[in-house]
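Trainee: As a plain string of letters, each chain reads:
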Amino acid sequence: MAYSTEVIDHYENPRNVGTLDSKDDFVGTGLVGAPACGDVMKLQIKVNAQGVIEDAKFKTFGCGSAIASSSLVTEWIKGKTVEEASTIKNTTIAHHLALPPVKIHCSMLAEDAIRAAIQDFKGKQKAA
Amino acid sequence: MERPIYLDYQATTPCDPRVLQAMLPYFTAEFGNPHSRNHAYGWRAEEAVEAARMKVASLINADPKALIFTSGATESNNLAIKGVAHFYQEKKDHIITCATEHKCVLNSCRQLEQEGFKITYLPVDSNGLIDLNHLKEAITEKTVLVSIMAVNNEIGVIQPLAEIGKICRERGIFFHTDAAQAVGKIPMDVEAMNIDLLSISAHKLYGPKGVGALYVRRKPRVRIQSLINGGGQERGMRPGTLSPPLCVGLGEACAIASAEMPSEYARLKVLRDRFYHAIKTGLEEVYLNGDLEQRIPGNLNLSFAHVEGEGLMMGIKDLAVSSGSACTSASLEPSYVLRALGVEEEMAHTSLRLGFGRFTTEEEIDLAAQKIIKEVNRLREMSPLWEMNREGIDIKSIKWAAH
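Residue numbers (my numbering), protein chains in the order written: chain A, 111 to 238; chain B, 2 to 404.
For reference, chain A alone in the conformation it holds in the complex (with noise of 0.2 angstroms):
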């Protein structure tokens, strides 16, 4: 199967590989996936008093496009505040990363990888 460029652009050089202290009460961190199923993301985001993502990490087991979707949500969700950083959808990482179909849970996977990051740092703060 051939990748689109934009796939192996991030398989080979991906973004914001890392880890964020899931201790932090401003990091949200969010696990998806299984390892029977052959794909995990996780997905931590930092969020300032304003509300806004200032800084992203992720580390996924999988194939090529699931590593390119995490990689990918990493770069677009920073610098957005964390309501619209929870509008993207799936479709339009697949789009952008030309997935074809049997690839577009690699996509639905980083959708549910952002909500929960998200998820986990709300309950945070209204823990706090």
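Rather than coming from a laboratory, the hints here were simulated on the basis of the structure.
We put the beta carbon where it would ideally sit given N, CA and C, even for glycine.
Any given hint might turn out to be false.
Claimed, not checked - In the DSS-like style, the derived pairs of lysine-lysine whose C-alpha atoms are separated by at most 27 angstroms in a straight line are:
hint, chain 1, residue 1, chain 2, residue 2
1, B, Lys-375, B, Lys-318
2, B, Lys-400, A, Lys-234
3, A, Lys-199, A, Lys-236
4, B, Lys-375, B, Lys-400
5, B, Lys-397, A, Lys-133
6, B, Lys-104, A, Lys-167
7, B, Lys-143, A, Lys-234
8, B, Lys-400, A, Lys-133
9, B, Lys-375, B, Lys-281
10, A, Lys-232, B, Lys-400
11, A, Lys-188, A, Lys-199
12, B, Lys-137, B, Lys-220
13, A, Lys-232, A, Lys-190
14, B, Lys-92, B, Lys-137
15, A, Lys-234, A, Lys-190
16, A, Lys-133, A, Lys-190
17, B, Lys-167, B, Lys-92
18, A, Lys-167, B, Lys-143
19, B, Lys-137, A, Lys-156
20, A, Lys-156, A, Lys-133
21, B, Lys-400, A, Lys-236
22, B, Lys-92, B, Lys-119
23, B, Lys-93, B, Lys-220
24, B, Lys-375, B, Lys-270
25, A, Lys-156, A, Lys-188
26, B, Lys-400, B, Lys-372
27, B, Lys-397, B, Lys-281
28, A, Lys-199, A, Lys-234
29, B, Lys-400, A, Lys-167
30, B, Lys-104, B, Lys-119
31, A, Lys-199, B, Lys-400
32, A, Lys-236, A, Lys-133
33, A, Lys-156, A, Lys-236
Said to hold, decoys possible - From the derived model, a few chain B residues whose C-beta atoms are all more than 10 angstroms from chain A:
hint, residue
34, Pro-5
35, Lys-66
36, Gln-90
37, Val-145
38, Val-322
39, Pro-335
40, Met-383
For this one, chain A is given, so just place chain B on it according to the hints.
Mentor: Only chain B this time, still in chain A's reference frame:
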């Protein structure tokens, strides 16, 4: 672009140039129909086909008259299994096979199941081999055929053929083996192993694609019902005009394999061990799938924990390998062979099949090991599972949502 290093010899092998040379005349000058009995064109083509049949037979210690040419191992397997089942269906209706067989064997059995036959799919142990006690227990008065592959196409393990053959012969049951991955790689002997039917594929042993053979024992005689009807060629078991160039190609491939097997076996084992050692020295948490000893030297199937197989293949694109992670397939299910060994799904997703063969060099092996180590390390740095593993978190303790 320079071509990737070919490390997928279980998928197919390049046609040996010596094989091609032997084939060429039969496309042009020697174009006769080997079944034409009335002129020299036919006689010469027939001579070539019969000489090829001798060479194939000799490689497996068989009577040449007991060999028929087919289009490949898929056809041979279909013909052997369905052919025996249909011929003897009045008396017996039970077949024993195994969970890790090639799809063409499993699907032939599924077809027979729909027709009313009973099939036993033997499980395999974690090393990929069947348990002979399970085989003995599965045999009934109604068992007509045992079909167990010689060498597995994914994990390269060699089933205990002589032992299976002995059990079958004692119980008066036919023994068929899909030997597509074995012939030309390890010594095969239909007499010593009591094999009644044996499938061969030319392109797995440096011959052309589109031709194979089926051995059908004559003493004691095994009867099969043909899949197709025609003019009675190949003793009625496989009618249709034979292709002399393809038959000659298979024959030549067998002759070369016969002459070179001992030295090639030893050479590949050195290469395989060299590669495996380099990988095990360079990386932690790499697991071999399938038995190391009962295995052809040209195969390794390795799980690189916490790195997904398809993702890894993308990073080593200058190596032509295949993966047990079926992420490329529509089903998204990992390899059924690895699952049958009891390999956990998450580990099955991290597997690569590496196949070495006649044209593999030491330089290629070293380069391949180096590239794989580099890429596995890169991807592990990117893997949340590897991170958890390093932190001592058991990934099984996490409640994952299936998707």
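Trainee: Quick check: which numbered hints come out false for this structure?
Mentor: Numbers 4, 6, 7, 18, 19, 26, 39 and 40, in rising order.
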